[in-house]
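4 protein chains.
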Amino acid sequence: MMTTKFHGVIPPVVTPLTTDRKLDVPSYERLINRLIEQGVNGLFVLGSSSEVAYLDDESRGRVLAEAKRINDGRVPLLAGVIDTETQRVISHIRQAEEIGVDAVVATAPFYAVTGLTEVENHFRALHEATSLPVFVYDIPICVHIKVPVDLMMKLGREGIIAGCKDSSGDDVSFRRLAMANRAAGSPLSLFTGHEVVVDGAYMSGADGVVPGLGNVDATNYVAMYKAYRKGDWETVRTEQDKAAALMEIVNAPQGVVGPAAGVGAFKTALQLLGVIETNTMSVPMPTLTGENVERVAEVLRRVGLLA
Amino acid sequence: MMTTKFHGVIPPVVTPLTTDRKLDVPSYERLINRLIEQGVNGLFVLGSSSEVAYLDDESRGRVLAEAKRINDGRVPLLAGVIDTETQRVISHIRQAEEIGVDAVVATAPFYAVTGLTEVENHFRALHEATSLPVFVYDIPICVHIKVPVDLMMKLGREGIIAGCKDSSGDDVSFRRLAMANRAAGSPLSLFTGHEVVVDGAYMSGADGVVPGLGNVDATNYVAMYKAYRKGDWETVRTEQDKAAALMEIVNAPQGVVGPAAGVGAFKTALQLLGVIETNTMSVPMPTLTGENVERVAEVLRRVGLLA
Amino acid sequence: MMTTKFHGVIPPVVTPLTTDRKLDVPSYERLINRLIEQGVNGLFVLGSSSEVAYLDDESRGRVLAEAKRINDGRVPLLAGVIDTETQRVISHIRQAEEIGVDAVVATAPFYAVTGLTEVENHFRALHEATSLPVFVYDIPICVHIKVPVDLMMKLGREGIIAGCKDSSGDDVSFRRLAMANRAAGSPLSLFTGHEVVVDGAYMSGADGVVPGLGNVDATNYVAMYKAYRKGDWETVRTEQDKAAALMEIVNAPQGVVGPAAGVGAFKTALQLLGVIETNTMSVPMPTLTGENVERVAEVLRRVGLLA
Amino acid sequence: MMTTKFHGVIPPVVTPLTTDRKLDVPSYERLINRLIEQGVNGLFVLGSSSEVAYLDDESRGRVLAEAKRINDGRVPLLAGVIDTETQRVISHIRQAEEIGVDAVVATAPFYAVTGLTEVENHFRALHEATSLPVFVYDIPICVHIKVPVDLMMKLGREGIIAGCKDSSGDDVSFRRLAMANRAAGSPLSLFTGHEVVVDGAYMSGADGVVPGLGNVDATNYVAMYKAYRKGDWETVRTEQDKAAALMEIVNAPQGVVGPAAGVGAFKTALQLLGVIETNTMSVPMPTLTGENVERVAEVLRRVGLLA
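Residue numbers (the working numbering), protein chains in the order written: chain A, 1 to 307; chain B, 1 to 307; chain C, 1 to 307; chain D, 1 to 307.
Calculated from the structure, these hints are not laboratory results.
Don't take every hint at face value.
A pair counts as met if it fits within one copy or between any two copies, since identical chains are not told apart.
[To be verified] Derived lysine-lysine pairs resembling DSS-like cross-links, with alpha carbons at most 25 Å apart:
(1) K146 to K22
(2) K242 to K154
(3) K22 to K154
(4) K68 to K5
(5) K5 to K22
(6) K22 to K68
(7) K242 to K22
(8) K146 to K226
(9) K146 to K68
(10) K22 to K226
(11) K146 to K230
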């Protein structure tokens, strides 16, 4: 059931901001409508690419409610419920339930040093607290613990979690997870979060992709997923190479790190493409300006997205 | 001014919980009153030892308001305003301002990968948002970035920050910070967070200590600080050795990590000493039980705190 | 030229030991002959899987000389010249030159904290010291620095290095390297060291694989490489899945880490398959025994390699 | 016995090089004689500060033999026997035994991923291989594993190791080690390797210090140690502050990291002071030049060592 509902291309939607750092609703409408028109299979709102960690609770609610309104049931809507520990995550789940979403996406606990006992307790408590499907957002670069294959499968077999978005960068582990999942009757929907190696994830048997780069252009990812479903690997590879060439926008800016570079590049490209109004980033991140904007534009020109 | 106000022993007060994980107010009263009677120079509420990351916003408010009421102005009250990024931290600052505190304590941003530009922007934004003194909680094990000496001093000289609690475990850096601070006319109040090497921090010129272990027994730390102010180094060393012997309670539990071990040991000791009612820990942490309680008791007996 | 010479399946040959930890020559002969009969395109001797770090200089020389003798020119022979810093690596290059090999494989400098200036200087100095092709062994888990794409390409374009074995586990970086290499006219031969995601590396455009698991059975890797050259991706994927199932031998042992588990599993499997005499590991590693041997055997039975 | 023999100030002697990177013997004589005249209690040769990882076996032998000749029995001579794994370390022990030293100093195994079983096996094998006292060089920044207090004490109580040089930067662990050692009857001689927090280590009960900075000027460390033995803590603190001010030479150079900065600053200072001929560093490290030399000189002038 999960696997039929959640699959394919589910971009983590960026949060367009006005210059005074409020949600820019008209830009958000253009962005979401464009994604759905490009054929995505779902929307993931309030993930890392949405600058979720930078938004206070009220802003989180506004972003999610507007996404819900704009999407209007066209594709499944997944909500990030990212916070330090269980009780705080449950608060966000309550907010998501009130707004109405199709699934929630939670990381392992972070800030405090944490063991696997805590990780397991955490997801069990989230599952008990909601009837929504719970996805694991496996992102050790942010939470500094990896959810191991064995624990992921234990939680999957028991129906505690519905799937995972793997942003671990550990493709060896992803292969092992995909094998174990298949052997267990595929209780989990498995998504990769790594834009430039989706072809490898599909070779491993991934159910889909959550590509931040999909904000800028989801067509490659949609074409890649369709080719994958048909077993047309040559197209998978070709489309992946195109997406990888575009992904160089995140390596183009200089003197910036983390989401200031990555999400900053996505927003800058979207602004250059006329989809969103500004490339403003949340405090305390610097917004890309001057030469860095030009570097992003240069990549867009190289791949033919900009004249 | 800062240095005369904030100095000495300022324990990060643990949050006693009932078995159903609400704030246990009578236990909290006994704990805070005992600390003040033992002679502490301030109270730090909603820090890591308070399980701040595990408390939702409402619980945070309750903990802080009760601490305010119980303290009743006897000693300076510092409030942790710990959250992922600037906007969320400012929300907590607003709450702290409404309740009324003497200073706020914030970490560097966390969750997202972050550079020093963001760290600097972050503390500048916090300073602009409040007239309260802002302390840096330098805790790379939780936030995965260290605030370097140069940036700390830059923010100190400009009056952006009032001081820091150094929980970095990097005593070389602390020495350099203390030297640079002295050379700049001591704009910062410098506290160490490492219970067993406070003597070394005093040799470096620390203004005080924020000892989690002080919850269990603050008398050594108070005696050590007084001796330090008099230049009685032999007493400093002797008291430090006593405190270090007691600190073995955090290494005693087996099969637990992070605050489940450390704060868990503090709470278990406080329960064994009759100060608080239960040693219950927040979800998703396991609470110490059975053999692990006995291991903590054994250390208490060894140092003569328990019969 | 390099790309025509070095490509395909080049296993890092394990070093069979007698129970008193000398090179077991008859076992070594059986192992190398079997690999060549299974169709490998080269042999990599004195890499991590050869326990190179555990062998003194005399043992290194014996292992390499015996490999040279047994191979007898049938396939290209690559020699690891792994040591802490430049001068020591050059000593090993001299030894390899005297014995006679087709290429040498060196890591970035290790032990001392090192910057990219040192990494660049290091490979330039190695190139100046020898006329043999120099391959970069990119293995941050051992040397704690990653050779970045830009530096790798700079050294490749200038002819300083001939290629790399990527054991970084960073498939995003590998994709970027493959793209950059293609754009530069493919000066580098690119090998992946990760046994279970070779299909993804081929999608990225890898020239081959250096699979430790190939010691146990190279037939899947040989079939996978041939299918890759023909564009038969379905076979690539199927063969990869088979190899991944066998690779579970390295996750089977309990209570051991690093090469004691990985190389230990390879040796144990080879012993169970009758290829080598003992599964003895170098001091100070524990050799797999009892239950751990049985766990490896169980995987071999599951995949049909053992009756 | 050990504790009476090995104690006090034992600098890790840098290796002066000629511009063509051979041992500069006249400079080495001046350096060693000056250290002994300044009152050091021993010499540690072939440690990290000696650029041991950069020297081939022949150079190592020459450095050690010259140190032996120059010292001529005036103070105890400790030799680093640093290499990746047991068998290679034993080769260096043999060399040290032939030349004749008073103790050998070995790190935990490195390069390969290693568990505590291997660390324990390693030191047991070294002890079996020699009758010389074996010191543990605990330096996780280089070998990426820390020798925990429990294992250190187990090896100490059994007489496997004679002591340790703690360069872990973990002063909490050092305190715990010192406490455990005292409780066990002080089987271990405990040295700190951190130049700017030796006062704290003495408060913990250290037996001495191995200060790289002592190469530049050992007089502060000698005075500090003497004051420590007399319980004159005020002098300990004052001398430490002076040494810490001088230590800023290692933070002065820009654009260099690791020993290229640290040992580079020591050598540059020694050259400026006329003790050694050149500040040449081993390949592949850059040698400090131009502005960076001036930055080191500036610190020397500030503390009054240079006119």
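Hints, verified against the model:
1. In this assembly of identical chains, the alpha carbons of K146 and K22 never lie at most 25 Å apart, being 33 Å within a copy and 30 Å across copies at closest.
2. Proximity of K242 and K154 under a CA criterion of 25 Å is satisfied inter-copy only: 23 Å between copies versus 37 Å inside one chain copy.
3. In this homomeric assembly, K22 and K154 never come within 25 Å of each other (Cα to Cα): the closest approach is 41 Å inside a single copy and 31 Å across copies.
4. Taking the shortest alpha-carbon separations for K68 and K5, only the intra-copy value of 17 Å comes in at or below 25 Å, while the best inter-copy value is 50 Å.
5. In this homomeric assembly, K5 and K22 never come within 25 Å of each other (Cα to Cα): the closest approach is 32 Å inside a single copy and 38 Å across copies.
6. Taking the closest pair of Cα atoms, K22 and K68 come within 25 Å of each other only inside a single copy of the chain (18 Å); across copies the shortest separation is 34 Å, beyond that limit.
7. When the C-alpha separation of K242 and K22 is checked against a cutoff of 25 Å, the pair qualifies neither within a copy, at 33 Å, nor between copies, at 52 Å.
8. Taking the shortest Cα distances, K146 and K226 never come within 25 Å of each other, neither inside one copy (30 Å) nor across copies (35 Å).
9. Proximity of K146 to K68 under the C-alpha cut-off of 25 Å is found in neither arrangement, the shortest distances being 31 Å within a copy and 39 Å between copies.
10. Taking the closest pair of Cα atoms, K22 and K226 never come within 25 Å of each other, the shortest separation being 36 Å inside a single copy and 51 Å across copies.
11. Proximity of K146 to K230 under the C-alpha cut-off of 25 Å is found in neither arrangement, the shortest distances being 32 Å within a copy and 37 Å between copies.
Consistency note: the structure conflicts with the earlier hints numbered 1, 3, 5, 7, 8, 9, 10, 11.
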